[in-house]
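Given these sequences and hints, build the entire structure.
There are 2 protein chains.
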Amino acid sequence: MKVNGTAMIVTRKYSISPETIKRMITYLRYLEIQKKKGIRIISSKDVTSYLNVPPEQFRKDLSFFGGFGKRGVGYEVERLIKTIKKILGLDRKTRAILAGAGRLGAALIQYPGFSGINMDIIAAFDNDAGKIGKQLKSTRIYDIRNIGSFIRKSRVRVAFLCVPADSAQSVADSLVRAGIKGILNFAPVALVLPAGVYVGNVDMASEIGNVVYHMKITN
Amino acid sequence: MKVNGTAMIVTRKYSISPETIKRMITYLRYLEIQKKKGIRIISSKDVTSYLNVPPEQFRKDLSFFGGFGKRGVGYEVERLIKTIKKILGLDRKTRAILAGAGRLGAALIQYPGFSGINMDIIAAFDNDAGKIGKQLKSTRIYDIRNIGSFIRKSRVRVAFLCVPADSAQSVADSLVRAGIKGILNFAPVALVLPAGVYVGNVDMASEIGNVVYHMKITN
Chain C
875 MKVNGTAMIV
885 TRKYSISPET
895 IKRMITYLRY
905 LEIQKKKGIR
915 IISSKDVTSY
925 LNVPPEQFRK
935 DLSFFGGFGK
945 RGVGYEVERL
955 IKTIKKILGL
965 DRKTRAILAG
975 AGRLGAALIQ
985 YPGFSGINMD
995 IIAAFDNDAG
1005 KIGKQLKSTR
1015 IYDIRNIGSF
1025 IRKSRVRVAF
1035 LCVPADSAQS
1045 VADSLVRAGI
1055 KGILNFAPVA
1065 LVLPAGVYVG
1075 NVDMASEIGN
1085 VVYHMKITN
Chain U
875 MKVNGTAMIV
885 TRKYSISPET
895 IKRMITYLRY
905 LEIQKKKGIR
915 IISSKDVTSY
925 LNVPPEQFRK
935 DLSFFGGFGK
945 RGVGYEVERL
955 IKTIKKILGL
965 DRKTRAILAG
975 AGRLGAALIQ
985 YPGFSGINMD
995 IIAAFDNDAG
1005 KIGKQLKSTR
1015 IYDIRNIGSF
1025 IRKSRVRVAF
1035 LCVPADSAQS
1045 VADSLVRAGI
1055 KGILNFAPVA
1065 LVLPAGVYVG
1075 NVDMASEIGN
1085 VVYHMKITN
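Chains as they are written, first to last, in my numbering: chain C, 875 to 1093; chain U, 875 to 1093.
Just so you know, these hints were derived from the structure itself, not from any lab.
Source: prediction; values computed, not measured.
Misleading hints may appear alongside valid ones.
All copies of an identical chain are treated as equivalent in the list; a pair is satisfied when it fits inside any one copy or across any two copies.
[What the hints assert, rightly or not] Okay, derived cross-link-like pairs now, PhoX-like style, lysine-lysine, Cα gap no bigger than 25 Å in a straight line:
no.: 1; residue 1: 909; residue 2: 896
no.: 2; residue 1: 1090; residue 2: 934
no.: 3; residue 1: 1055; residue 2: 1027
no.: 4; residue 1: 910; residue 2: 959
no.: 5; residue 1: 1090; residue 2: 959
no.: 6; residue 1: 1055; residue 2: 1090
no.: 7; residue 1: 1027; residue 2: 1090
no.: 8; residue 1: 1090; residue 2: 956
no.: 9; residue 1: 1090; residue 2: 960
no.: 10; residue 1: 960; residue 2: 1055
no.: 11; residue 1: 1090; residue 2: 967
no.: 12; residue 1: 1027; residue 2: 1005
no.: 13; residue 1: 956; residue 2: 934
As structure tokens, then:
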């Protein structure tokens, strides 16, 4: 297996789909595991057979960002990790806050996978007096009435939104007024927010409904 | 606005993407809200402007399943709800189990959105002696060593997989051996399972990584 020695070009395009970006992060996770095992060169087949992704998909995903290699030529694991991180903006620490410190919020704070993408949840907010002032792991829970001033002072730009459906829009509005630019929303609500704010949605009912549908048509 | 009176044809196709199915469930949720408000006829623009989906996308999604209506003609809310539920297999109750009753599993059991898709989590399983025998909401937690026999007896076919990454594959194997056909996996692991088992993945690191990427390129 020859090692591809050509320079990797890092570009950012605006039309990359969420699906591509999410796959890039699963590639990154697999590459980090291989790096820990001491593996230095890897083929696209290695990556994709582990992740159940067609090899053409992997090559197509990488091609959105410029030249990474050629068919039949291996990738340098460490270099590919660095490049993917740079492309995705994960080479620097990203700070986030958590709005809503219920069960799901608590699960997110304890989630071990965020360190791999250089993500720190620096503060949590809730309206429950029984929670305010307590810690979740090493993250302190503050009064949600102070969330705007915290965002302005800390200049944090990313938020996890884990509040109940009926308050999701109003909390999102206050996040955005204070300067939040990216929200991962877990409430089953379509948020209406100004341009320039990116919202990702994790919708548990849709996810399990999709499993039920595909399970039934294949069985 | 004229009401479309033609019969709606319910078909199931095998090439429907997960994204389409997930959008169908968000349409369903919105339609249920409108029904509760007493609204009987709705336009595609009403649905899509609320959900930030292009109207063409909505019509295209519905077209995968046969004829629902024509441009400029309204949809009967109740009829569309019934048809979408039938298409997605949500017209009948689906039972599921939860493997791993940690913080995330507990959050899922309390999640109010599953009733809208006719989903019941009938049992939870964990290996923590401190949890076994307890209840989460009205769901009892059992010893995970008994998960196989429970699946065989109850003939449940759907599972939420919320165990740590390093045990996800082995727990998934035991689920499938006992008859599980659809898994929603929350562990950051690519499960390798036989054909005929459908796996959906909710990957928190990928979801927030996608938000960070798109936030940075648009700001």
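Hint check results:
1. 909 x 896: So residue 909 and residue 896 pass the 25 Å test inside one copy only (20 Å; across, 35 Å).
2. 1090 x 934: For residue 1090 and residue 934, the Cα distance is within 25 Å only across copies (22 Å; inside one copy 31 Å).
3. 1055 x 1027: within (15 Å within a copy, 49 Å between copies)
4. 910 x 959: Answer is within: at 16 Å inside a copy they meet the 25 Å cutoff, but 46 Å across does not.
5. 1090 x 959: Result: close only across copies, 13 Å inter versus 38 Å intra.
6. 1055 x 1090: between (39 Å within a copy, 9 Å between copies)
7. 1027 x 1090: Between copies only: 20 Å across chains, 51 Å inside a chain, cut-off 25 Å.
8. 1090 x 956: between (41 Å within a copy, 18 Å between copies)
9. 1090 x 960: Between. Shortest inter-copy distance 12 Å satisfies the 25 Å Cα cut-off; intra-copy 41 Å does not.
10. 960 x 1055: within (19 Å within a copy, 38 Å between copies)
11. 1090 x 967: between (42 Å within a copy, 13 Å between copies)
12. 1027 x 1005: within (22 Å within a copy, 41 Å between copies)
13. 956 x 934: within (19 Å within a copy, 39 Å between copies)
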